[in-house]
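Asks: Starting from the structure of chain A, add chain B where the hints point.
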Amino acid sequence: MSSDEDIPFHKQPKWADIVPIPQDDGPNPLVPIAYTKEYSTSMNYFRAICRSQEQSERAFELTTIVINLSPSHYTVWHYRQTLLKALNKDMTQELEWVQEMIDEHPKSYQIWHHRQVVVDHMSASAFPAATVSTTPSNLHTVPMIPYLELSESQQKAAQEAVQTELNCIAQALVEEPKNYHAWSYRQWVLSHFGLGPWWEEELGYIDELIAVDVRNNSAWNQRYFVVTLGPKGLTDEVLEREVQYAKTKIERTPNNESPWVYLTGVLRKASHPLSEIKAFCEGLLQKPNANFSPFVHSTLLDIYEQEAKQERRADSLLKAKEEAIILAEKVDTIRERYWNWRKNQLKAIAVEA
Amino acid sequence: MQPEPYSSMDTHRMSLGMFALGGLELLGVLEEAVSEANRKAWIEWVYSQQRVPAETDVNNEDSDPNAALYGFGGGPFSGLAFKQQDNGQDNRGCECGPHTTTYDTSHITMTYTALLILLILGDDLSRVAKEPILRSLRKLQQPNGSFVPCLTDCESDMRFTFCAAAVSYMLNDWSGINQASMLQYVRDCQTYEQGFSQSPHQEAQGGPSYCAVATLALLGKEALQDQRTMLRDEVNGEDEEAFERRKARAGFVDKEGLRRWCLQRQVTGFQGRINKATDTCYSFWVGGALAVIGSMDLVNYSCNRGFLMETQHKMFGGFGKWVGTYPDVLHSYMGIASLALMNEPGIRPLDPRLNVSKRVQERLHTQSVFWRASD
Numbered sequence: 001m002s003s004d005e006d007i008p009f010h011k012q013p014k015w016a017d018i019v020p021i022p023q024d025d026g027p028n029p030l031v032p033i034a035y036t037k038e039y040s041t042s043m044n045y046f047r048a049i050c051r052s053q054e055q056s057e058r059a060f061e062l063t064t065i066v067i068n069l070s071p072s073h074y075t076v077w078h079y080r081q082t083l084l085k086a087l088n089k090d091m092t093q094e095l096e097w098v099q100e101m102i103d104e105h106p107k108s109y110q111i112w113h114h115r116q117v118v119v120d121h122m123s124a125s126a127f128p129a130a131t132v133s134t135t136p137s138n139l140h141t142v143p144m145i146p147y148l149e150l151s152e153s154q155q156k157a158a159q160e161a162v163q164t165e166l167n168c169i170a171q172a173l174v175e176e177p178k179n180y181h182a183w184s185y186r187q188w189v190l191s192h193f194g195l196g197p198w199w200e201e202e203l204g205y206i207d208e209l210i211a212v213d214v215r216n217n218s219a220w221n222q223r224y225f226v227v228t229l230g231p232k233g234l235t236d237e238v239l240e241r242e243v244q245y246a247k248t249k250i251e252r253t254p255n256n257e258s259p260w261v262y263l264t265g266v267l268r269k270a271s272h273p274l275s276e277i278k279a280f281c282e283g284l285l286q287k288p289n290a291n292f293s294p295f296v297h298s299t300l301l302d303i304y305e306q307e308a309k310q311e312r313r314a315d316s317l318l319k320a321k322e323e324a325i326i327l328a329e330k331v332d333t334i335r336e337r338y339w340n341w342r343k344n345q346l347k348a349i350a351v352e353a
Numbered sequence: 001m002q003p004e005p006y007s008s009m010d011t012h013r014m015s016l017g018m019f020a021l022g023g024l025e026l027l028g029v030l031e032e033a034v035s036e037a038n039r040k041a042w043i044e045w046v047y048s049q050q051r052v053p054a055e056t057d058v059n060n061e062d063s064d065p066n067a068a069l070y071g072f073g074g075g076p077f078s079g080l081a082f083k084q085q086d087n088g089q090d091n092r093g094c095e096c097g098p099h100t101t102t103y104d105t106s107h108i109t110m111t112y113t114a115l116l117i118l119l120i121l122g123d124d125l126s127r128v129a130k131e132p133i134l135r136s137l138r139k140l141q142q143p144n145g146s147f148v149p150c151l152t153d154c155e156s157d158m159r160f161t162f163c164a165a166a167v168s169y170m171l172n173d174w175s176g177i178n179q180a181s182m183l184q185y186v187r188d189c190q191t192y193e194q195g196f197s198q199s200p201h202q203e204a205q206g207g208p209s210y211c212a213v214a215t216l217a218l219l220g221k222e223a224l225q226d227q228r229t230m231l232r233d234e235v236n237g238e239d240e241e242a243f244e245r246r247k248a249r250a251g252f253v254d255k256e257g258l259r260r261w262c263l264q265r266q267v268t269g270f271q272g273r274i275n276k277a278t279d280t281c282y283s284f285w286v287g288g289a290l291a292v293i294g295s296m297d298l299v300n301y302s303c304n305r306g307f308l309m310e311t312q313h314k315m316f317g318g319f320g321k322w323v324g325t326y327p328d329v330l331h332s333y334m335g336i337a338s339l340a341l342m343n344e345p346g347i348r349p350l351d352p353r354l355n356v357s358k359r360v361q362e363r364l365h366t367q368s369v370f371w372r373a374s375d
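Just so you know, the sequences run in chain order A and B. With the first letter of the first sequence counted as 1, position 159 gets the number 159 in UniProt numbering; the numbers rise by one all the way through. With the first letter of the second sequence counted as 1, position 362 gets the number 362 in UniProt numbering; the numbers rise by one all the way through.
Next up, chain B with everything else stripped away, as it sits in the complex:
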């Protein structure tokens, strides 16, 4: 049970669950901390937050009135009934229909964290409604390539762009996304400072920098290239036009610049922007961006580790935002994840692209229904 101040996160409970369970997973204590009964019950709770099309709309993408609603919600706050296994019928969550409204919508970050939780808890994703989720992604992508998390929340920025990429990657299907336009958005957000911003022209910041770089990594190797240093392949007869097309598949305007910007954020731990205070979560956001481009080894581990140890709460455990602040579940997860990036003994290695343990990332490939057949 989370204390009352978490009420302000009521719409985002799924992500709190991901931080809590993902943290236990990284600490290597998931199995001992989560009983079999809880594991099963929580998988049902997560599936109960899924929104799927009504029978009549399954094959009806063009005129489906609920086309943007599919995926997972952050909790049952909109007032839908809890679903569970019924007469041998699998619980696949709530079927949208005349009894639902646009306020029963899923939220893209909750879909991303729900999929991670299911994998962490050992589920094979067999009840995840892939096609409907892809249908909704098509509705949520904006003309500039970014994503809104749902139609009732108009924030469109790098966070939700990353979530769309992570969801597509886990479903092993990119047909819900216009990738060229997504890449253009990422490039548009690399600022003159060389970090990435939430939206074009805003200030570079650690969170969107992680989201941008992880998006590129999930899109694939070509997207991790740097436009500035690419050269036309004259030897193999690449003409100007082909070269331009290849350049358009590169996600960095300047990859070296991003590396530099990230490393400059280290003060002891990391700050999220130029001339701002250090904060535990940036040890992961900035560290994670560096890990994705293979430069974590350039970080000063002992300074970062020293900072993280100080933000740990002496009595309650867990990590706070700053030295002396109360711990919370987000900063605790981020602190552990940053330690994982530095190969801290006793912490499981982390896949920085999905932000989950390597063990769970491998489970996605070997055990989930979307990957195991294709590998």
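Bound-form chain A, shown alone:
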């Protein structure tokens, strides 16, 4: 005896009334693809379902079949989302399925977006007071659920929802710590549920990732996101802490670009001058593990150049020129053309003799 699962879906009686629609590619198509029989057949049925806009359990099952064959097929995902709501499907169960899909296809944009659609839908019914928007433009940084105004039990529910999502994302980041879609979704989760305690906890998580791999630039970017957009904001105290944090990481691995751009980035964001790290950079030159780092020299080039421009100092200009030469000829020769170009730019700076 064979069970239903051994029969191809379209041979099952429940599909008998459907007239499949084959793809009509014309007599001489551009970029034809040698589809598998399985893919063609499933798509023929999907085209028929889609044409009649059928909203049914079998249509829902078919989306699962097609998605497994072509996980980035945006049409099928969209159709599934319509069905989820129309058939009033169990969203918790859907999340479990999405989790399996994420494990298999962690780099598909559509899967992460689908998870977001489901979570958005669930939170809209769990937090009725919230103004939830599903427009794609609002996916970032706009706190949509007024967490601080929720009742204690609702706050707890929000925390649990956030925790479930952050765990799911963290699991994907174990496999691929720089997964762009996973990070994007993580930023959406943090923002969507409002100004809860997860923002502060996120720093601890990032710190763990950076401890594992100090060159994980995605984690550094997330740090910048949390520090500049979190509830606390970039206060003087936070800035001081972050500057120290980056400096410590630079001292240990001076040839790592991530903390350097982070350090100069937070200073710029807080409108602090780059000259604040001049002594730090000059100090690094004395360290044997750091004086070959292109980033020490390029940051000093920037600092001296600025000094020469703003204070019209001939000694700063000379130092800037020396840094450009070291970069072009010794520590960053692949960018020789760039550093020589920078050196030539210096000629336009007027200084006092």
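Hints listed in this document are in silico derivations from the structure and should not be mistaken for laboratory results. Where a beta carbon is used, it is the ideal one built from N, C-alpha and C, also for glycine. Keep in mind that a hint or two might mislead.
[Said to hold, decoys possible] Calculated cross-link-like contacts (lysine-lysine; reagent style DSSO-like; alpha-carbon spacing at most 30 Å): (1) B:K276 x A:K287; (2) A:K85 x A:K107; (3) B:K221 x A:K269.
[Said to hold, decoys possible] Ranges of calculated distance between the beta carbons of each label pair, as one might list FRET restraints: (4) B:A37 x A:S40: 22 to 28 Å; (5) B:W322 x A:T253: 22 to 28 Å; (6) B:P5 x A:Q171: 24 to 30 Å.
Replies: Here is chain B on its own, set in the frame of chain A:
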């Protein structure tokens, strides 16, 4: 015929066609590789993927139920019938109406690559439905200035923002776009690292950096300016307010920073993000961004060329993503395009803003119906 693994690109066949034909064009072998019969048949195939309004909706923008669907689809996967020349009537693709659904939609990247393919194949774009495409662009732009590719795909990021700009440029009509809001989006995506991200606050990446810079170049010279270094024109009496308005037309928060970020991506070839592995396609995405701002000459050509030569497949030809990977049509195109940016002998020069040969870009200006009268 593409092998089975390309099935996952079924919705994007038009862009695969652009990579294949654009690659032949850059290699200077298009005419010998594409027969006259194929050239004509493929132009018909491309037009068959166009979606145009029903007769009753042509002058009916406000209540047109299909207003977001116009432009080109990536292939006939939604199940529409193939169209061809019929009784002397030109093939302009599928008329939307009661028999179509929202799933028959065009896709903005496919519209962009369809227009390029038509130009590459020598078509004058006379059957392109410009007004309907502009109508759809108006529906696809988001409040933050970015674009979704179609209403059934909610990704809104820098890729589709660029495609909207490229389409508007080729149609020689920007009325489908709110340019101020588009510029704001581009600026919002320049990160603390100084490269551009797909959406605000994400990590800077090579692909969106190219898309951002090319968008600015297509918008025009003013958009390529740098807010940080702009000065108020006191001599000519520019007041604070006028200066702020002028600044709002500049697309860079920091152009020097972008130049630096791009050049820092060179390892031998290019990486797409800080501390990531090199990948053939970034030799174009990052190189293309540099070419648009006139800084390609600061790249170390011999290192980049050496990397690209290694990612070529020894037996099949073509370029893979990494050394030792199988070649594919996207990475092959990107490898050739990067070589074109470095003036490789035997490869046609490339217009980095549209990402097509200069020859085809000139054809747009001299032969397409949207440009030839206005020049």
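Asks: Could you tell me which of the numbered hints above are not met by this structure, giving the numbers in increasing order?
Replies: none
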